Every structure is written in structure tokens, then in C-alpha cells.
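Protein sequence lines correspond, in order, to chains D and S.
Just so we're aligned: the first sequence equals residues 1 to 107 in our numbering.
Just so we're aligned: the second sequence equals residues 1001 to 1121 in our numbering.
It is possible that part of the hints are untrue.
[Unchecked claim] Per the computed footprint, the stretches of chain S lying under chain D, defined by three or more beta-carbons under 8 angstroms from a beta-carbon of chain D, are: (1) 1043 to 1049; (2) 1074 to 1085.
[What the hints assert, rightly or not] One side only, chain D facing chain S, incomplete, derived with CB under 10 angstroms: (3) Asp1; (4) Gln6; (5) Pro8; (6) Ser12; (7) Asp32; (8) Gly34; (9) Gln38; (10) Arg46; (11) Tyr49; (12) Ala50; (13) Gly66; (14) Ala84; (15) His91; (16) Trp96; (17) Gly99.
Derived by calculation from the structure, the hints in this document are not laboratory data.
Values in this document were obtained by computation on a predicted structure and should not be read as measured data.
Think of the CB as a built atom: it goes at the ideal place given N, C-alpha and C, for glycine as much as any other residue.
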Amino acid sequence: DIQMTQSPSSLSASVGDRVTITCRASQGIRNDLGWYQQKPGKAPKRLIYAASGLQSGVPSRFSGSGSGTEFTLTISSLQPEDFATYYCLQHNSYPWTFGQGTKVEIK
Amino acid sequence: QITLKESGPTLVKPTQTLTLTCTFSGFSLSISGVGVGWIRQPPGKALEWLAVVYWDDDKRYSPSLKSRLTITKDTSKNQVVLTMTNMDPVDTATYYCAHLTLLTGGYFDYWGQGALVTVSS
Chain D
1 DIQMTQSPSS LSASVGDRVT ITCRASQGIR NDLGWYQQKP GKAPKRLIYA ASGLQSGVPS
61 RFSGSGSGTE FTLTISSLQP EDFATYYCLQ HNSYPWTFGQ GTKVEIK
Chain S
1001 QITLKESGPT LVKPTQTLTL TCTFSGFSLS ISGVGVGWIR QPPGKALEWL AVVYWDDDKR
1061 YSPSLKSRLT ITKDTSKNQV VLTMTNMDPV DTATYYCAHL TLLTGGYFDY WGQGALVTVS
1121 S
């Protein structure tokens, strides 16, 4: 199985901060990775596809980068509605695997 | 507009079999490249992929749960059913179904609202 190691597991940040979350794959997955945002009691929402593609309707302050084994999700200027938990998902090979999540909290 | 909704029991007893139905609209599971997957999330924990079924009836399962899972589709009813046998309290979780399309990289681009299933005697 491909392990997805996400870091940090949590972070505290202020509105307007630049935030970076990383996912590392235990083996190369090309760009077969998505990023999801989940708010309490809600279903996940896809933000990024194919490592760097911005989902339609998602604000441009969200961006993704990386290929192979290291990937990042960046929020360029954190907004109040961005406080949530973020997950990466690799769909390069079965079983598909999620990272363990990064909780972004208000500082 | 693509929508999905999970339905099934909210409470099951240990050793029982869970049957969850995902009813969807806005797409067809008979179209090449389309699939529906199941994902679960225990309270306070991370997401876990369970299974996926494709338009051509190809099915894939999480190896750790493969012996307990069955996924089927009913294209005429726009439904996907997941069964999980021998339920245990550790299977308590919110179960989600989600849409995917291989051709445009749409992996879990639309999700249902989730169904909380509690396993308890």
C-alpha cells in the first residue's frame, strides 16, 4: 500500500497568513493526488485535482503543487472560512489512501 | 447537477450485516469512465477509502476489508449498494459515497452528505 504522510497534523494561523500543508507518498504517484477540505459535520469538498488543478468554484488563494512523492497545498491568504481539516488522497494505485489530515485552527 | 445521497440503518448490532445504498442523479453509471466509491470516517478520525465500482462493473476493494465488503451497482435505479458483513463497534463511522470519472480526473469530485452508522448491542 502507498502511505500518505501528511504534515503538520495541526497548525494555528491567523487570518491573512500563508499556510502550507505537505503530503509525502511512500512511493511515486506521478500527479495522481487530490486535496480535500472538510468542515465539522460536513462531507469533504475537493479543492485540487491532479496535484495542481484548481477545482471549479474554489478560490484562487488555494493552490497545489508537486509530483512524484512530495506535494503541497498552499493557502496564500487564510480567510475565516478556511478553518477546517484538509486531506490529501492518492489514486495512483489501489488501495487508494488518504493522508491523516491537517487541522487548521484560528490563532 | 450531480448529487448523491446515502441511506441505510443508523444502528446495527455486532456481527450483523450493514447494507448502505447510494442513490445518485446527474450522471449515469453506464457511461465509460464513471464510477462510484465508498469512503468512511470514524468519529474524530481520518477518511478511509473502502471500495469503488466502475461503469464496466470492475470493482476494487480495500484489502484490509475485502473479505467483508461487497459493492454492486444498479444502473437502471441509479444506485450503488455497499454491504459489510460481521459489523463490529470499530466500524462505527460516517459512510460517504462519492462520484468519480476517470477521463477528466474527477476523483471524488462530488460527495454525498454521509450516513452515520453506529455499531452497538
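Quick rundown of the hints versus the structure:
1. 1043 to 1049: holds (count 4)
2. 1074 to 1085: n = 0 at 8 angstroms, threshold three: violated.
3. Asp1: Holds, about 7 angstroms.
4. Gln6: This interface hint holds because 9 angstroms falls under the 10 angstroms limit.
5. Pro8: 14 angstroms, violated
6. Ser12: 19 angstroms, violated
7. Asp32: 8 angstroms, holds
8. Gly34: 6 angstroms, holds
9. Gln38: 8 angstroms, holds
10. Arg46: 5 angstroms, holds
11. Tyr49: Cβ of Tyr49 (chain D) sits 5 angstroms from chain S, so the hint holds.
12. Ala50: 5 angstroms, holds
13. Gly66: 15 angstroms, violated
14. Ala84: Since chain S brings no Cβ nearer than about 13 angstroms to Ala84 (chain D), farther than 10 angstroms, the hint is violated.
15. His91: 5 angstroms, holds
16. Trp96: 4 angstroms, holds
17. Gly99: 7 angstroms, holds
Going through the hint list in order, the structure does not satisfy hints 2, 5, 6, 13 and 14.
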